[in-house]
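Keeping the supplied structure of chain A fixed, place chain B upon it in accordance with the hints.
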Amino acid sequence: MAIRDLLWACPECRRIAGIRTGRDGERCTGCGTRFRRVRAAVIEAARPDGSREALPAATWAERLAGIDLDAVAKGAGAPGSDFELRERARARFAVGETPVRHRGRYLNRIERFGPDQVGTLELADGVLVFHRDDGSDVAWPLERITAIQPSSSTLQIKGKGMPLASFRFPDGSARLWEELLCAALRRHYREAGRGEIVEFQPRIVTRP
Amino acid sequence: MILYRIAQATARGLAPLIGRLEVEGVGRIPKTGPFLLVANHQSVLDPILIQAVCPRPVHTMAKSTQFASPVFAWLMPRLLSFPVRRYEIDPQAVRYALRTLERGEPVGIYAEGERSWDGRLQPPRLGTLRLILKAGVPVVPCTIDGAYDVWPRWDRRPRRAKIRITFGDPLTFPKLETRAEREAHLDEVGRVLMSALAEPLEGARELPVVASAQAIRRHD
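In the order they appear, the protein sequences are chains A and B.
The first sequence maps to residues 1 to 208 in this note's numbering.
The second sequence maps to residues 1 to 220 in this note's numbering.
So that you can see chain A by itself, here it is in the shape it has in the complex:
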């Protein structure tokens, strides 16, 4: 969890995935503006020219509203951004389920996750791919994705007939990937004549 999870692009220079965490906190790799929480939910931007601006988190987040993530998800990129729709990630896949009971009452089943797998997540044309460092791949064609679930600082994907996958981004923003994937899915559904997506969980729901 970090400011870059909220501000998936720099609100100053609009660089996608620009804010990265370094030794001196969170700083945009494009314009050099440093971001930090100063009180309550107020984030202060310290610009390289020495000026500072402290605003509520929601106000900073509003400044990202105009960024066309659909174009970014299409691979067209964004002005001033070299973001390549790839991010290092640690993935875990559900390997089974465990029933939860309390005093003999069955509550539900919960998923059991396997070990961490390290690799790179990539959104290519019409498919989300996790390239494991061992050379193997797991792919989710967009039409097979049934739900997207952000959970704390992870992004969880459910594909038809596939186990739940959970991705953690050591340097990137889980929210950026959620937004990118949502944008890609919206476009995919629209182009396939399947309607406008109105909800992404617990399953994708559309209306014409």
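Among the hints, erroneous ones may be present.
Derived coverage of chain A by chain B (criterion: at least 3 residues anywhere in the stretch with Cβ under 8 Å from a Cβ of chain B; other residues may be distant) [to be verified]:
#1 17–29
#2 107–114
#3 192–206
Label-pair distances were calculated between CB atoms; the ranges are [as the list claims (entries may be wrong)]:
#4 B/M1 <-> A/D49: 56 to 66 Å
#5 A/G135 <-> B/P55: 52 to 62 Å
#6 A/R88 <-> B/R157: 19 to 29 Å
#7 B/E181 <-> A/R52: 51 to 61 Å
Source of the hints: derived by calculation from the structure; they are not laboratory data.
Here the structure is a predicted model, which means the values were calculated and not measured.
The C-beta atom is built at its ideal place from N, Cα and C for all residues, glycine as well.
Positioned in the frame of chain A, the structure of chain B alone reads:
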């Protein structure tokens, strides 16, 4: 229930550490019988705070991944939390909620389904609205304001701030038996519910659009 009460007392005792906690409308909570306590979700602290100030024990729906570790799998049910799988339709979570209500006990659920990233109200989940219309019990809107300032989703640690929890007047919605009836009322229920949740928020923030109801199609 003993652990629940201990946790409740502990949370009440520790609440001043995170800031001033103001509670309004406790008298509006039904003293007997079932009700759905429907809250907005600003922070990881919300379930703790609600259980700390609500005079009646509330069974709370919580994401299944919170039960992943053995410690939490043991602890969460003792704090009256029950798991819901948010990435697929989960009839067992709905069944558990309805059975708990049938026993005359309250159930807590978050209208937006997840914590808000920016602190503002998000659109309600269709599943929340369907549960309201399936249950047909009083709905107590619970507005949490300020928990986001204490511990927003994007930060690792809390900071002190003022938190206000407001329990609204119970809302009454009909119990609708057929799916078609429920689907036809989702927009209306969403508007009424989110208006009730938004009212106590500072600055009369803009109401979210209810993303629902007419002619929707499911893809699974």
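We went through each hint and held it up to the structure:
{"no.": "1", "hint": "17–29", "in the structure": "violated (count 0)"}
{"no.": "2", "hint": "107–114", "in the structure": "holds (count 7)"}
{"no.": "3", "hint": "192–206", "in the structure": "holds (count 10)"}
{"no.": "4", "hint": "B/M1 <-> A/D49: 56 to 66 Å", "in the structure": "59 Å, holds"}
{"no.": "5", "hint": "A/G135 <-> B/P55: 52 to 62 Å", "in the structure": "58 Å, holds"}
{"no.": "6", "hint": "A/R88 <-> B/R157: 19 to 29 Å", "in the structure": "25 Å, holds"}
{"no.": "7", "hint": "B/E181 <-> A/R52: 51 to 61 Å", "in the structure": "55 Å, holds"}
Hint 1 from the list above is the single one not met by this structure.
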